[in-house]
Amino acid sequence: MKGSGAKLFVKALMEEGVETVFGYPGGYAVDLFDELYRQDSIQIVLPRHEQGLIHAADGYARSTGKVGVCLVTSGPGATNLVTGIATANYDSVPLVCFTGQVPLGLIGNDAFQEVDIIGITRNICKYGITVRDRNDLGRIIKEAFYIAKSGKPGPVIIDLPKNIQTELGFLDYPDEVNIRGYKPNINVHIGQLKKAWKTLKNAKRPLILAGGGITRGKAYDSLQKLIDKSNIPVVTTIMGRGAIPTDHPLYIGNTGMHGTYASNKAVSECDVLFSIGTRFNDRITGDLNEFAPKAAIIHIDIDTASISRNVKVDIPIVADANIAIEKLLDWVEPFETQKWLEKIKAWDEENPLGMKKGKGMNPEIIINKINEIFEHYTVVSDVGQNQMWTSQFLKMNKERKFLMSGGLGTMGFGFPAALGVQIAHPEEYVISISGDGGIQMNIQELATAVVEELPVIICVFNNNYLGMVRQMQYYFYGKRYAATCLRRRSSCPSNCKGPNSACPPYTPDFIKLAESYEVLGIRVTSEEEIEPAFRRALMNRKKPTLIEFMIDNEELVLPMVKGGNPMSEMILPTGKR
Amino acid sequence: MEKRWIALYVENEVGVLAKIAGLFSGKSYNLESLTVGTTEDKTISRMTIGVKSDDITFEQIKKQLNRFVEVIKVIDLTDVPMHRKEILFVKVKNCTTHDKTELFQIANVFNVHVSDYGKDSVLLECMLPDRRNDELIQLLNLHFKTIEVVRGGSVAIESISTSCI
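Chains as they are written, first to last, in the UniProt record's numbering: chain E, 1 to 577; chain X, 1 to 165.
Take these hints with a grain of salt, some might be off.
What the hints assert, rightly or not - As a list, the in silico EDC-like pairs of lysine to aspartate or glutamate whose alpha-carbon atoms are at most 16 Å apart:
#, chain 1, residue 1, chain 2, residue 2
1, E, Lys183, X, Glu11
2, X, Lys63, E, Asp303
3, E, Lys312, X, Asp55
4, E, Lys395, E, Glu427
5, E, Lys312, X, Asp54
6, E, Lys198, E, Glu333
7, E, Lys201, E, Asp330
8, E, Lys312, X, Glu11
9, X, Lys42, X, Glu11
10, E, Lys398, E, Glu364
11, X, Lys62, E, Asp303
Said to hold, decoys possible - A few chain X positions that, by computed beta-carbon distances, are all more than 10 Å from chain E:
#, residue
12, Gly26
13, Arg67
14, Glu70
15, Arg84
16, Phe89
17, Val112
18, His113
19, Asp116
20, Gly118
21, Lys119
22, Leu123
23, Met127
24, Asp130
25, Ile157
In short, the hints are calculated from the structure, not lab data. Values in this document were obtained by computation on a predicted structure and should not be read as measured data. Cβ coordinates follow ideal geometry from the N, Cα and C atoms, glycine included.
The following block holds chain E by itself, in its conformation from the complex (with noise of 0.2 Å):
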């Protein structure tokens, strides 16, 4: 039987069990669009803008672990998915975008919406590629789908002239892969693991430091039982938080630039240092040559490119982390660590995390209500002051999950992502936690949030600013507030060093602005306001509800380390270094 390749598309995506499509229409991608009409397996999901669009469908496949499928339009449809697609490779998450292009034959005119979508996008995507030939069609898009979710999982781009779209040719799907360069190895090397044993078990002050890939690796349990079984401490990256319960007693916290003092402190001293599913980013590793300067290093990492790359390790292990931790499992003894756990645990009495109280209503009294409300909830946060505020203070299990663009650091992800996620889980909790200005980078898809009947909660932390620049202006800037007072207007003082009482009103009204879309506003000014305000959106289950934070303009994310700084020169909340 013979078809039209927009027929072959649909078919494929309905084998793939593709059940949402996050798409938005244009000139080159309507055949694939009247396709999707003519059945009724695959809903198309319609958010207002590209970004909005990549962010909902990585946050949807963040939350089931399935493949994401964008189908947008070309040119300007297409290059709008770009920021969504380095977000998503940055951070392993699998998606297959579809993108409409001009017919082959137009391929170089500078036609109308031409773009090179796959040139665009070479370095930031785990594999592109332009159709160009109807009989490669269903090979193509069966091994897309492979690419994306196999290995260590990425975004992949298919770029779909229009006349491959439309030329008849024959619908079968293929059952198999065979990609002669792409054999992704998951298994473990039993020699490499007994070395990093042998190194391991004669530590006296180990330490496992947990990574994204636990997540990616579906390698919640196993670790869990690695961690029980040997008594041994953890931190985790931010990508890693919530890899074990936050209220583990062998639990210390984030590491890196806002990780804990105790975290921190506990990666300087540890002579072993047991790394799973991370990639030794700056923001993890500060000065490179100060960190962990006592420990050998073991790291265990699906992507033989993350290893030693930054950091010079003693055992590197490539694997699947699920894998390589169960076999571990088979050895694994408990250790002697009261004495290291006592340590830790005295740093941690020096220097607890916590805000500063008595000024009201802080980010930590706001997430600590959303611990005690609800017990179950996926938070996605966006980037800046508010992602680190949330990874600090959310209590995170299998339960209470929490999702966020960790590598790219994408301000505008969060609130898209959260609608994907409630997409994906209806019955869900889902908690959008945003700052001001990461808000109104993808606000138009509150349309989105009502037409699909999704009741996300939305949270802004309004500060008046986009506080984590404005936290640098103010420790290493001399208060020189350039460009992130989101209140400031070109009439205001060219050198103002902080609000007073003559700055100009706050634009938008978010409650204005929900209200015109249609979502219950809520703004909150006190301490008293959040358990009702949170109550209001629970009973609030057919459309989103935004509540508004009023929070002070001159919080700050403590600890901190200034960039390129060791780990162990941190900003304390007390005011010390």
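Mind docking chain X on chain E? Use the hints.
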């Protein structure tokens, strides 16, 4: 920083060369030479890549190349006996009769071929290891006023009898 060589088998597809070249520019690796051509199997191309790097970066380059779906095989030629040649054309212009005689002698010594000849120009066609080509260019630059150089980049293949380089 050392000069090292990689042979790379890749899918003979649109965009693969751009992808490989883009890796070097995007990650600030020092690409010194890159040549590409099809192999006995026309669906596969082989690249010969010369880079200047330290040990750590070189390891990283190989790993990054291996990550590409389109890369079939990465071969590190650093310590492998191989035959490596680069094609080089040198046109020497404004020659006197004496110059021309000397050029024939140089060609003889360097074992290169005089492939074209005019009233006051000589074209040398060289098939030498890249370092030898460097030396020849240096020599010609020293003794002749106007030379025009076109280099093709190195191609390399592993040796059969293990000794020759």
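- request: Could you work out which earlier hints the structure fails to respect and list their numbers in ascending sequence?
  value: Violated: hints 4, 8, 10, 12, 13, 14.
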